[in-house]
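**Student:** The primary structure of each chain is shown beneath.
There are 2 protein chains.
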Amino acid sequence: MSYYKKLEQHARKLSRLDHLSAICGWDQAAMMPSGGAEARSEAMAELAVISHELSTAPYLEEWFASAEKENLTDEQRVSLAALKRQWMMHNILPAELVEQKSLLGSQCEHAWRTQRPANDWEGFKKNLEPVVELARQEAAIRSKATGLSLYDALLDLYEPGMTTEVLDRIFADVKTWLPQLIQDVQNKQQAESIEPLTSTFPIEQQKALSLNVMKLLNFDFDHGRLDISTHPFCGGVPTDVRITTRYDEADFTSALMGVIHETGHARYEQGLPKQWRDLPVGQARSMGIHESQSLFFEMQLSRNVDFAQQLAPLAQQTFGRGSDTALTAENINAINTRVKPGYIRVDADEVTYPAHVILRYEIERDLIERKIEVTDIPVIWDEKMQAYLGIDTKGNFKDGCMQDIHWTDGSFGYFPSYTLGAMYAAQFMAAMKQTVDVKSAITSGDLSPVFAWLEANVWSKGCTLSTDELVKQATGETLNPKYFQAHLNSRYL
Amino acid sequence: MSYYKKLEQHARKLSRLDHLSAICGWDQAAMMPSGGAEARSEAMAELAVISHELSTAPYLEEWFASAEKENLTDEQRVSLAALKRQWMMHNILPAELVEQKSLLGSQCEHAWRTQRPANDWEGFKKNLEPVVELARQEAAIRSKATGLSLYDALLDLYEPGMTTEVLDRIFADVKTWLPQLIQDVQNKQQAESIEPLTSTFPIEQQKALSLNVMKLLNFDFDHGRLDISTHPFCGGVPTDVRITTRYDEADFTSALMGVIHETGHARYEQGLPKQWRDLPVGQARSMGIHESQSLFFEMQLSRNVDFAQQLAPLAQQTFGRGSDTALTAENINAINTRVKPGYIRVDADEVTYPAHVILRYEIERDLIERKIEVTDIPVIWDEKMQAYLGIDTKGNFKDGCMQDIHWTDGSFGYFPSYTLGAMYAAQFMAAMKQTVDVKSAITSGDLSPVFAWLEANVWSKGCTLSTDELVKQATGETLNPKYFQAHLNSRYL
Ligand SMILES: [Zn+2]
Ligand SMILES: [Zn+2]
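Going down the list, the sequences are from chains A and B. For my numbering, count along the first sequence from 1 and bump the result up by 7. For my numbering, count along the second sequence from 1 and bump the result up by 7.
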């Protein structure tokens with residue numbers, strides 16, 4: 008057997024273990040009773056050890072060296088590069104640092120769960136400092152191995168090819184127009200009244216509505232399912248994608264829009280190239296591209312009055328509220344497009360969301376590059392919230408710099424993906440509209456032309472192209488944030 | 008670290024992989040959409056390979072030899088014996104035979120799924136013959152390694168300590184009184200009329216009833232859950248037991264009694280000794296003892312008029328049928344204790360069930376000992392069905408010798424466990440009644456004294472005692488089938 012084939016086989020083995028880990032992880036969040044937690048963690052950790060041993064097996068270095076000398080097809084060469092990237096990612100860090108990171112990260116996260124509600128910044132700071140220190144060490148090691156700058160070396164984990172240079176430029180541009188836009192939209196929306204949702208929306212009915220909307224979005228129920236968890240996510244494996252939501256009986260739109268978002272993630276996974284199943288080259292391109300698909304579904308496709316016209320009759324029928332004036336298409340759309348600056352990123356609307364991300368990006372970049380320290384975070388946080396969103400967070404740590412889980416376990420470099428996703432989504436939509444009549448597709452209720460475009464241009468590509476190349480082939484140019492700005496202006500002004 | 012401790016650690020590792028396999032297996036049966044099947048099988052097979060490699064690691068032989076020379080506590084010595092038994096079970100068979108068995112078994116089973124409905128004995132026979140041949144080879148290898156007779160060496164997989172000699176004696180006794188008893192009970196029940204169940208029992212309500220009855224049986228919902236699958240089972244792990252049922256809208260009693268049965272299996276698992284979690288000595292004693300717990304719950308505890316008096320108001324309330332005369336305690340009990348010889352083992356009542364088991368035992372014992380061949384099965388099957396149950400199965404293979412899945416995948420030696428379980432259950436109940444007022448416990452709705460007895464005498468023992476010793480300590484004597492006979496006589500005559 009060729010060394011390339013041996014590497015493929017090895018990767019498939021790892022992917023199959025990941026499969027079991029993904030299903031048991033989903034079960035942990037969606038099905039497991041609390042008493043099962045301890046033994047489950049032990050079992051998952053055991054599998055992680057086995058996976059890590061396989062990923063870092065000493066014979067792999069020689070296999071890669073030999074495979075690179077083999078006579079490979081172009082496709083195999085691309086696949087080999089993806090295999091090698093995955094292998095290097097696993098092997099760059101010394102085992103001791105990986106262990107420390109996992110240990111300090113889970114300690115910090117565990118304490119955070121009580122420190123956050125208690126607004127205990129001083130307590131949290133003590134745990135976060137060593138986590139940041141480790142992240143800096145990790146950045147230094149990755150930087151040395153990849154030749155990237157410190158922060159870029161972490162960014163590379165989630166957004167291969169993206170750099171601080173590009174982000175600084177793009178976000179600087181956003182900052183020139185976003186605060187004013189937020190102001191203008193609020194002024195405009197002041198004149199528009201929203202009919203508030205009343206009474207309750209039973210969970211069983213919300214579930215039925217969710218399933219119906221997933222059908223409208225061509226979710227493949229033969230390869231996936233919808234369940235409930237405290238923190239909604241898209242998990243499982245491409246052949247069996249598990250999405251979750253949580254239902255608020257007072258407001259059906261939150262779960263509904265969440266389900267549409269996760270359905271976007273899910274259809275990307277379901278649409279990945281089947282010939283590359285279980286291999287790195289067959290996986291999703293990046294976190295930003297993944298988020299571009301969920302935000303395409305949620306923001307580009309669904310938060311407009313045409314789509315609301317599809318949702319409204321389904322909602323009226325499911326809840327048996329044909330004459331509820333809060334459930335008209337216009338009112339649902341007004342709810343879905345309301346802009347209001349707030350403390351919490353995960354509750355933010357489409358317009359204010361980038362401000363939350365840019366703020367976090369600027370702080371974590373400077374933290375990793377040792378330009379600021381953990382102790383400086385609250386003051387900087389407050390300054391930026393004032394500047395970008397006009398919100399005062401002084402002394403309010405729990406709804407300020409302590410609100411996210413990302414930093415507690417050392418995931419620095421992840422935040423930009425959210426706004427990159429929103430930008431890619433807007434750019435994809437603009438390009439799609441050149442050849443697809445999206446409005447007619449929505450109005451007709453047959454969205455297949457929209458999905459055919461995404462499948463051909465994004466999903467089926469897996470990881471065979473760089474992000475830049477993927478976006479260029481799909482839209483004619485690399486990332487251009489003007490589409491996002493144009494989208495916000497056109498929808499909200 | 009001592010070699011004993013190393014072996015413990017090794018066993019815990021294996022048990023944690025089994026944990027993931029159990030949860031993913033449950034998911035496969037209860038949650039997974041059909042399109043996920045192929046990748047899931049591959050993932051489970053990959054884990055099985057890793058488990059097998061670990062179970063048969065070459066260093067273990069030396070570890071066992073060294074551990075046996077160590078200074079161990081009595082408890083550790085018992086644990087070491089259980090560890091060694093498990094290790095030997097995995098290592099006796101040559102890898103080639105294991106592979107062949109798995110391959111031919113799944114081929115035979117796969118074909119059986121269409122051959123059975125088509126009543127295609129000739130087709131099935133061709134696949135079953137090599138499966139039986141492999142089972143004979145397996146028996147020969149195990150017999151050589153253990154010193155047991157051919158069939159006993161297979162029986163030992165499910166019922167360590169049980170022998171053909173004991174089974175022959177016990178079943179010979181049963182055959183002297185069972186056919187007449189079946190006749191007598193039928194004659195008696197002819198005079199008793201049953202009010203048939205009418206209309207439908209919605210699944211959601213049946214589920215609510217099941218959960219209520221599980222609560223009555225003190226199922227620990229913090230360490231387990233109830234779901235739906237085509238073939239009901241008890242799976243998961245002791246800290247998180249997953250039981251399943253299937254609902255028949257025309258007859259709520261079938262799912263209900265099934266749930267009670269699986270709850271018995273589940274409470275045994277939930278009650279296993281926590282200090283031995285993840286080690287062989289902490290596992291259930293045997294298949295027969297496991298079945299004794301499910302049958303204790305289903306047959307001993309629940310199929311009587313006192314328990315029906317607990318069930319009836321719950322059922323009436325859940326289904327909103329307070330005045331349905333089919334849902335009185337007396338009628339539910341009449342349904343639950345109806346005796347009627349039939350073709351199908353899994354549908355058989357408590358009285359006729361042993362006949363189905365004895366028939367299968369006699370055939371598989373003679374098959375393994377090469378006294379008969381596969382081609383002889385239908386004629387023998389028919390003779391025994393006529394003799395034990397007065398039923399003609401000539402030409403009806405699908406409801407005759409092709410009805411069970413057990414032989415298709417080579418699980419010879421399993422069938423006796425069902426009737427051993429029924430006998431142990433009757434013996435446990437007789438012993439329990441010496442110190443526990445079972446009738447009052449049922450009538451009061453507080454069954455905890457019953458469960459306290461089972462926990463103290465069976466569940467908490469795990470695998471620390473031999474089956475004979477367990478039963479002797481619990482009941483004062485080893486297996487004595489007269490308790491089963493007395494139970495049937497007292498309930499049905
Ligand atoms: Zn997302
Ligand atoms: Zn059972």
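In case anyone wonders, no lab produced these hints; they're calculated from the structure. Errors might be hidden in some of the hints.
Since the list can't tell identical chains apart, any single copy or any two copies may satisfy a pair.
[Stated by the list, open to error] Quick list of in silico lysine to any residue cross-link-like pairs, SDA-like style, CA-CA up to 25 Å:
id, residue 1, residue 2
1, Lys222, Asn126
2, Lys12, Ser156
3, Lys214, Thr237
4, Lys222, Pro40
5, Lys281, Ser236
**Student:** Honestly, which of those hints from before does the structure not fit?
**Tutor:** Result: hints 1, 2, 5 break, sorted rising.
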